[in-house]
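Chemist: These protein sequences, in sequence, are chains A, B, C and D. Counting in numbering that gives the first Met the number 0, the first sequence runs without a single skipped number right up to 304 at its last residue. Counting in numbering that gives the first Met the number 0, the second sequence runs without a single skipped number right up to 304 at its last residue. Counting in numbering that gives the first Met the number 0, the third sequence runs without a single skipped number right up to 304 at its last residue. Counting in numbering that gives the first Met the number 0, the fourth sequence runs without a single skipped number right up to 304 at its last residue.
These are computed hints drawn from the structure, not numbers from a lab.
Keeping only pairs whose Cα atoms sit at most 20 Å apart, straight-line, the calculated PhoX-like set for lysine-lysine is:
(1) B/Lys23 / C/Lys53
(2) B/Lys53 / B/Lys112
(3) C/Lys23 / C/Lys53
(4) A/Lys23 / D/Lys23
According to the in silico footprint, chain C covers these stretches of chain D (three or more CB under 8 Å from chain C):
(5) 7-17
(6) 39-52
(7) 276-286
The model shown is predicted, which means the values in this text are computed figures rather than measured ones. Backbone N, C-alpha and C fix where the C-beta goes; we use that ideal spot for every residue, glycine too.
Listed below, chain by chain, are the residues.
There are 4 protein chains.
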Amino acid sequence: MVESHSQWFAETISPDLIQLSSIKASYYSGTTRYQKVEVLELGGFGRCLVLDGKTQSAESDEFMYHEALVHPALMAHPNPANVFIAGGGEGATLREVLRHDTVVNATMVDIDKEVVDLCKQYLPNHHQNSFENPKTTLIHQDARQFLENTTTTYDVAILDLPDPLEGGPAASLYTQGFLDLVKSRLNENGLLVMQSGACAPTNYHEVFPAIHNTIETLFPIAECYQVYVPSFAGPWSFVIGSKTHSSARLEEKYIKGEFARRKINGLQMYTETSHIGLFALPQYLTEAIKLEERIITELTPIYIV
Amino acid sequence: MVESHSQWFAETISPDLIQLSSIKASYYSGTTRYQKVEVLELGGFGRCLVLDGKTQSAESDEFMYHEALVHPALMAHPNPANVFIAGGGEGATLREVLRHDTVVNATMVDIDKEVVDLCKQYLPNHHQNSFENPKTTLIHQDARQFLENTTTTYDVAILDLPDPLEGGPAASLYTQGFLDLVKSRLNENGLLVMQSGACAPTNYHEVFPAIHNTIETLFPIAECYQVYVPSFAGPWSFVIGSKTHSSARLEEKYIKGEFARRKINGLQMYTETSHIGLFALPQYLTEAIKLEERIITELTPIYIV
Amino acid sequence: MVESHSQWFAETISPDLIQLSSIKASYYSGTTRYQKVEVLELGGFGRCLVLDGKTQSAESDEFMYHEALVHPALMAHPNPANVFIAGGGEGATLREVLRHDTVVNATMVDIDKEVVDLCKQYLPNHHQNSFENPKTTLIHQDARQFLENTTTTYDVAILDLPDPLEGGPAASLYTQGFLDLVKSRLNENGLLVMQSGACAPTNYHEVFPAIHNTIETLFPIAECYQVYVPSFAGPWSFVIGSKTHSSARLEEKYIKGEFARRKINGLQMYTETSHIGLFALPQYLTEAIKLEERIITELTPIYIV
Amino acid sequence: MVESHSQWFAETISPDLIQLSSIKASYYSGTTRYQKVEVLELGGFGRCLVLDGKTQSAESDEFMYHEALVHPALMAHPNPANVFIAGGGEGATLREVLRHDTVVNATMVDIDKEVVDLCKQYLPNHHQNSFENPKTTLIHQDARQFLENTTTTYDVAILDLPDPLEGGPAASLYTQGFLDLVKSRLNENGLLVMQSGACAPTNYHEVFPAIHNTIETLFPIAECYQVYVPSFAGPWSFVIGSKTHSSARLEEKYIKGEFARRKINGLQMYTETSHIGLFALPQYLTEAIKLEERIITELTPIYIV
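Modelling step: build the complete structure from the supplied sequences, incorporating the hints.
Modeler: The following block contains the structure:
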């Protein structure tokens with residue numbers, strides 16, 4: 000192990016758990032205005048983007064995360080044309096959005112231009128030239144500021160943000176206030192989807208049920224799902240807030256039809272069957288969601304430790 | 000991290016991946032006639048049984064594995080009365096089997112008496128006194144030898160075996176020959192279920208589809224499912240071989256009814272909803288199963304590296 | 000490596016250096032009134048006493064440290080009869096002192112009775128029953144308090160203390176004030192010796208030269224030496240403060256004679272030749288000692304980070 | 000720790016000991032015709048050359064090793080003019096040789112041109128342009144082949160070779176046969192010096208005393224010494240074989256005089272005082288040398304595990 004490799008990437012998953020991955024190559028290591036950035040090739044994981052020591056996505060399994068993040072919400076919208084993405088520096092969220100032939104414009108707002116430029120250069124398999132797609136609008140600005148100053152509205156808003164760490168750049172975006180702002184920029188049938196952190200039996204309670212609870216205060220439909228992402232060392236949760244359409248209740252037949260109509264192909268995880276699996280939560284998560292009482296506001300923030 | 004704890008348990012998940020967990024207490028460390036045994040309390044995972052350096056089950060999440068191993072097969076049998084378990088030293092598989100009120104006899108055959116005795120002593124939350132249940136028959140013998148010499152037949156056979164490591168004690172039990180022997184000891188509506196190794200995007204190809212393929216040569220119905228187990232550092236796969244009944248196609252309503260009829264309670268993961276999720280595989284696994292051509296025999300064995 | 004062992008002890012030597020040793024057995028793990036205590040058997044190092052996560056001494060190489068701590072000072076005194084030891088819980092410093100036939104009384108003051116009791120029980124090769132020697136007086140009290148309240152005086156005082164960590168129990172004993180108190184309890188030809196921390200090229204500057212400088216303000220003779228201790232992951236320094244006799248200038252012939260006269264035997268490191276080697280410092284330490292200007296007082300303390 | 004850094008270099012010192020150093024930068028990683036090469040900047044150690052996973056020298060403490068390797072032998076020769084170096088790719092051994100004003104020619108034979116070229120590019124503080132010195136002759140050839148085909152003779156031969164690993168490129172150079180070949184190329188007052196592996200209490204017995212014993216069969220004078228090198232995680236041994244002059248018995252006064260006569264300056268470790276310290280071995284090494292009976296020949300090789 001340690002014998003066959005001499006360079007290792009260590010990620011602290013929790014105070015009691017460290018994951019060591021062999022480093023095959025080190026492409027970049029530096030600090031932008033907002034965060035520490037590393038682009039590494041890790042054994043078994045391929046090229047990885049690491050921000051502030053946390054793996055954001057790995058070449059070998061980012062499809063698990065990005066397909067799960069994008070397609071349940073876009074499928075639930077009858078005709079997603081305008082899509083808003085907050086974060087998503089690698090361009091892989093954008094890549095998945097553009098698979099839907101119905102999409103006319105995808106506006107991605109990521110505050111950190113340097114990170115996006117590094118991803119453009121070092122992660123070609125992530126973005127697959129999505130940044131050059133004529134449907135793409137790329138803006139480097141604070142997401143809140145952007146939304147406050149636009150009158151454009153969207154069919155789907157995708158919040159692909161770093162975890163809410165105390166003092167981190169994304170913590171204030173996991174609040175009722177910001178989510179209400181996003182809602183105000185959604186069209187009539189609009190949906191919002193966001194990554195909502197780890198949801199293993201040992202750590203799901205940190206933020207996931209509270210994010211669901213907060214979204215439930217704003218939207219008539221709030222739905223949770225999960226997918227397992229190896230490079231995140233556990234299952235990952237997502238919450239959808241929807242004005243009209245349920246994603247959880249979509250039928251296999253409908254999804255299959257939309258796959259054809261929207262000319263979607265090239266997926267590695269998401270199918271009409273696995274869609275059902277994403278929403279079929281284990282008992283401990285269903286319970287946690289039911290029992291949760293916390294609502295995340297700027298005055299009562301919740302952080303991941 | 001390393002600062003807050005000084006003792007760490009290191010498990011080599013693959014040549015490129017090592018998982019470090021803090022050691023809170025060390026209850027036992029020794030070697031039986033068959034294997035190296037450690038009973039440790041790990042930070043975040045609780046009491047763990049470790050055989051030959053591999054975590055077999057952790058107090059905090061063994062329910063994910065054991066509920067997934069037992070209930071899909073038992074639910075698919077209309078009235079499981081006699082159940083056979085190979086392996087399962089911790090007694091947690093036994094515990095789950097005994098939750099079904101229909102079960103009259105559960106025969107557990109584990110070759111390593113010393114391991115079972117250590118589990119009895121150190122893992123009370125795993126077995127919850129299942130070994131003392133009057134329905135339990137506990138035998139310390141080689142599973143193959145036991146089955147060759149019995150005329151008893153069973154409704155469900157559960158193979159809760161260590162991974163097929165080259166030179167390891169379980170490798171010869173992952174073969175067409177042994178599985179055919181198990182089949183010959185099943186009643187008319189009988190089912191067999193076995194754990195079939197890790198199934199993350201990076202390692203599912205090692206044995207899982209080949210085990211499915213092998214079972215498909217023996218049974219009219221062969222079905223795959225998976226569940227994520229944090230202490231195994233990834234999703235875990237299972238294969239069912241069934242003579243008559245499908246588990247994958249069970250309906251929520253039926254499962255809910257059986258929950259009541261069989262007086263099952265106390266589960267943390269498995270519900271009628273999560274049953275559906277277990278079988279809703281991602282595209283990459285469905286494909287892998289379709290494309291697999293290997294059949295595991297004693298002459299063409301397959302090992303986990 | 001990580002493959003052949005599953006349990007590892009991790010010691011943070013510096014923010015940039017971690018030493019991992021395999022754990023062969025774990026004898027004790029707990030917390031006394033003063034500190035966290037572990038007694039471990041480490042691969043290659045044998046039984047080790049670990050306080051607050053730092054290895055205090057290892058069975059396989061504690062002789063390097065303890066022989067170096069004790070004999071240079073005792074040899075430099077023409078007839079050491081009464082010896083004072085502060086700290087030294089394992090009993091190995093005591094063991095070395097008692098090798099000198101001239102010693103009539105060895106008074107050891109260690110504040111932590113629980114640690115000493117654990118050492119008595121678990122580290123027989125360290126103390127070799129020195130605590131039962133009729134020449135031994137063992138007292139559990141704060142060293143400063145003991146010296147303030149005694150009128151007894153000593154020929155040699157040995158300060159075998161934990162490193163001066165900020166907030167740690169020993170920091171206030173590395174000050175001019177305390178060292179002056181020790182000096183006041185020394186007889187006419189008396190010497191004091193203390194361990195003064197790591198002295199590798201990368202970390203010698205932390206406290207070692209400052210301790211020498213501080214002792215030089217109190218004693219006419221201040222002398223430094225070092226020895227390499229594998230389980231400390233580097234060379235270790237010591238400072239002698241002496242009223243009359245130089246240890247550095249002792250001649251091989253004299254030491255050889257005293258070995259016979261004092262009936263010393265059983266040593267593994269210290270000889271008349273290696274005595275010379277201890278004091279033959281590399282250029283970078285000689286320079287550092289010359290250039291040092293810091294004096295450690297209670298108002299201007301120095302800590303090891 | 001692991002928190003403040005995400006990239007770590009892991010070196011297996013023994014099956015029971017792993018040293019982790021933080022990686023500050025990764026300059027090169029590749030494989031030459033002979034070996035795996037990494038050039039890394041490690042926290043606390045500076046720029047390091049790593050061959051086949053083993054640290055060969057670190058910017059922060061290579062002076063400990065290289066000054067100890069070169070000066071004791073060169074000082075013992077009354078007028079070293081022609082010096083032969085086998086290995087020494089970093090150019091630091093060469094740098095130390097060239098400090099002696101008496102040296103007219105330094106011939107360095109290192110088989111691996113690629114490694115030397117990488118050192119020229121990435122390790123300027125190691126070689127300090129020694130390769131460009133007009134007294135230097137640099138040859139890329141097998142050392143044995145070179146010596147067999149030259150009639151040139153040398154005053155001092157320095158064997159700066161990788162450890163004798165089974166199957167490694169240097170193992171056959173640690174034999175009586177090769178050392179006799181080196182001896183045959185030495186002038187009348189000639190000396191040979193070689194690094195002879197780790198010499199901590201836990202591992203000195205592997206090869207060090209056997210190398211001394213082997214050299215003693217060839218030279219009238221065979222002398223051992225050691226120095227501690229932090230980045231090697233322990234003390235390191237050297238053996239001198241000399242035709243006429245003793246290094247161990249050089250007097251401080253003579254060394255001081257030669258320092259002036261040979262216009263040596265810029266040293267960080269070696270002085271007339273530390274020279275004495277190098278040879279003042281601890282009891283356990285003196286004993287081990289006395290008791291050693293192995294002689295290393297091509298038929299009875301000895302490897303480091």
